[in-house]
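Now for the letters of each chain:
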Amino acid sequence: MDTATEGEKVETPLNGEGLLSRLDPRVKIVLFLVLAWTVALAGNLLQVFAFLPLALLFYATAYRKTATILKLLLFADFFLLFVVLTQLFLGSPYEGVLIFFKSTVIVLFSLLLLTTSSVFDLLHALHHLKVPNKLLQITFFFYRYLFTVKDQLQLAEKSAKSRGFIPKTSIQTYKTYAYFMGNLLLKSYFKSENVYKALISRGFKGYFPVFRHFELGKLDVIFALFTIIYWGVAVWRFYL
Amino acid sequence: MEILSVENLRVKLENREVLRRVNFSLKDGEKVFITGPNGAGKTTFLETLMGFVPFEGKISFKGNELKSEDDFSVLRGRMGYVFQNPDDQLFAPTVEEELAFAPLVKGLKREQVKEIVERTLKEFEIEHLREKPTYKLSGGEKRIVSVACVVTMDPEVILLDEPTTGLDRNKWEKLVEFFERTGSSLIIVTHDTKLMKRLGWKRLVMENGELRE
Numbered sequence: 001m002d003t004a005t006e007g008e009k010v011e012t013p014l015n016g017e018g019l020l021s022r023l024d025p026r027v028k029i030v031l032f033l034v035l036a037w038t039v040a041l042a043g044n045l046l047q048v049f050a051f052l053p054l055a056l057l058f059y060a061t062a063y064r065k066t067a068t069i070l071k072l073l074l075f076a077d078f079f080l081l082f083v084v085l086t087q088l089f090l091g092s093p094y095e096g097v098l099i100f101f102k103s104t105v106i107v108l109f110s111l112l113l114l115t116t117s118s119v120f121d122l123l124h125a126l127h128h129l130k131v132p133n134k135l136l137q138i139t140f141f142f143y144r145y146l147f148t149v150k151d152q153l154q155l156a157e158k159s160a161k162s163r164g165f166i167p168k169t170s171i172q173t174y175k176t177y178a179y180f181m182g183n184l185l186l187k188s189y190f191k192s193e194n195v196y197k198a199l200i201s202r203g204f205k206g207y208f209p210v211f212r213h214f215e216l217g218k219l220d221v222i223f224a225l226f227t228i229i230y231w232g233v234a235v236w237r238f239y240l
Numbered sequence: 241m242e243i244l245s246v247e248n249l250r251v252k253l254e255n256r257e258v259l260r261r262v263n264f265s266l267k268d269g270e271k272v273f274i275t276g277p278n279g280a281g282k283t284t285f286l287e288t289l290m291g292f293v294p295f296e297g298k299i300s301f302k303g304n305e306l307k308s309e310d311d312f313s314v315l316r317g318r319m320g321y322v323f324q325n326p327d328d329q330l331f332a333p334t335v336e337e338e339l340a341f342a343p344l345v346k347g348l349k350r351e352q353v354k355e356i357v358e359r360t361l362k363e364f365e366i367e368h369l370r371e372k373p374t375y376k377l378s379g380g381e382k383r384i385v386s387v388a389c390v391v392t393m394d395p396e397v398i399l400l401d402e403p404t405t406g407l408d409r410n411k412w413e414k415l416v417e418f419f420e421r422t423g424s425s426l427i428i429v430t431h432d433t434k435l436m437k438r439l440g441w442k443r444l445v446m447e448n449g450e451l452r453e
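Listed in order, the protein sequences are those of chains A and B.
Each residue of the first sequence is one higher than the one before, starting from 1 at the first, in my numbering.
Each residue of the second sequence is one higher than the one before, starting from 241 at the first, in my numbering.
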């Protein structure tokens with residue numbers, strides 16, 4: 001039998017990496033919202049850059065994943081470049097640069113504060129932060145079965161390829177992909193029926209109980225205090 | 241004492257009579273096999289007992305007739321069902337959460353749930369899978385976990401649909417040992433002749449929607 005390796009537990013890019021992954025996701029979500037909201041309200045580059053040292057400090061705790069962080073940041077920045085270009089053509093390049101850096105810092109915060117927890121922990125934390133249960137359950141099941149859908153699609157592709165299917169620009173290829181999609185849709189429907197049966201056969205009553213709960217530790221309090229003090233000083237010095 | 245009884249059970253699906261006047265009874269602690277060709281109605285029979293399929297006839301649990309969805313939802317707390325495809329059954333993010341689901345829904349205290357989860361992990365020798373996401377388990381592991389997560393409900397009756405399919409020798413042996421020692425009544429739908437020979441319990445055959453000994 002295989003054992004659950006660290007890699008297998010990873011669901012988000014930085015989950016399990018560094019100090020931030022050991023913190024209570026509730027604390028991280030609240031701090032992320034405060035920081036993202038403040039950076040989003042920045043009116044000039046100085047106000048944005050006031051938060052960059054904090055983001056870099058967070059990054060230092062996950063420096064071993066530099067390649068992953070850069071890759072994700074570049075992916076987001078690629079889309080932001082279009083915003084800069086649009087602003088350039090509209091005659092307000094400063095606005096474009098401001099939006100670019102604001103978004104980059106917010107994405108950096110989200111990578112370091114949010115993706116250092118698993119999706120399940122984030123949803124669990126959102127439940128504690130009073131996000132409606134139904135919304136969280138839908139998100140959870142969506143996420144949980146995304147992998148099943150992916151597996152089913154790959155299986156269908158393998159099955160077709162094992163019978164000599166080579167994707168081309170042809171009616172036959174389009175037809176095959178249409179079969180894949182139709183099959184996936186039907187399988188998803190039947191799967192959802194079976195999952196519902198599995199839920200009610202084990203007593204599901206509309207809520208998803210959780211076995212492991214969060215405990216607010218000293219580290220969480222210290223981290224939250226440090227971030228809030230930094231935020232307060234930055235707002236007082238650069239925003240007011 | 242009779243724990244489950246079925247009288248003149250008929251099920252029609254898409255204008256086809258899947259079960260025809262099935263009569264069946266199960267005593268407390270009794271263990272039986274149901275075998276038969278594919279498409280004979282074995283899975284439909286188990287699903288009907290769980291109240292998933294509309295039926296005609298009478299199903300009783302401990303002498304109480306089950307008529308409405310409410311009756312069946314009470315029954316489901318006392319009767320576990322292991323699905324034919326474990327992928328359909330496992331929905332929680334990790335093995336540990338999967339095992340804790342039913343006891344938590346039942347409203348047991350956290351300490352009790354912890355004790356049940358630990359005991360079950362140990363019983364099925366799957367402690368090393370505790371934190372593993374259920375969708376990343378191998379086929380055999382999924383099958384063992386799907387049985388274990390029903391066991392944590394502490395059911396009086398367990399319905400198992402082809403539980404030994406795809407298991408290696410070691411896991412097969414572990415599961416058979418569990419079948420032998422459990423105090424719950426068992427209805428096992430299977431094609432596994434080795435299993436039926438080894439345990440030697442009563443064998444029923446389902447053919448064309450009819451159940452006979």
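Since the hints were made in silico from the structure, they are not lab data.
We treat Cβ as the ideally placed atom computed from N, Cα and C, and that holds for glycine.
Accuracy of the hints is not assured; some may be wrong.
Using 25 angstroms as the maximum straight-line C-alpha spacing, the simulated SDA-like pairs for lysine to any residue come out as follows [unchecked claim]: (1) K187(A) with P294(B); (2) K382(B) with R212(A); (3) K130(A) with K187(A); (4) K197(A) with K434(B); (5) K382(B) with L155(A); (6) K218(A) with R350(B).
Stretch-level coverage of chain B by chain A, calculated; a stretch enters the list once three of its residues show a Cβ under 8 angstroms from a Cβ in chain A [what the hints assert, rightly or not]: (7) 255-264; (8) 284-292; (9) 355-362; (10) 423-429.
Cross-check of the supplied hints:
1. Taken as a hint, the K187(A) and P294(B) pair is honoured in the structure, with Cα atoms around 22 angstroms apart against an allowance of 25 angstroms.
2. The straight-line distance between the Cα atoms of K382(B) and R212(A) is roughly 21 angstroms, inside the 25 angstroms bound, and the hint therefore holds.
3. Proposed proximity of K130(A) and K187(A) is contradicted: the alpha carbons are some 34 angstroms apart, above 25 angstroms.
4. Distance hint between K197(A) and K434(B) is unfulfilled; the C-alpha atoms sit about 30 angstroms from each other, more than 25 angstroms.
5. Distance restraint check for K382(B) and L155(A): the Cα-Cα separation of roughly 18 angstroms lies within the 25 angstroms cut-off, and the hinted pair is therefore satisfied.
6. At roughly 24 angstroms between alpha-carbon atoms, K218(A) and R350(B) fall within 25 angstroms of each other, so this suggested pair holds.
7. Counting residues of the segment 255-264 of chain B whose CB falls under 8 angstroms from any CB of chain A gives 0; the rule of at least 3 is not met.
8. Counting residues of the segment 284-292 of chain B whose C-beta lies closer than 8 angstroms to any C-beta of chain A gives 3; at least three are required, and the coverage claim holds.
9. Counting residues of the segment 355-362 of chain B whose C-beta sits closer than 8 angstroms to any C-beta of chain A gives 1, which falls short of three, so the coverage hint is violated.
10. A stretch counts as covered by a chain when three or more of its residues have a beta carbon under 8 angstroms from one of that chain; for the segment 423-429 of chain B and chain A the count is 0, and the coverage is violated.
The structure shown violates the earlier hints numbered 3, 4, 7, 9, 10.
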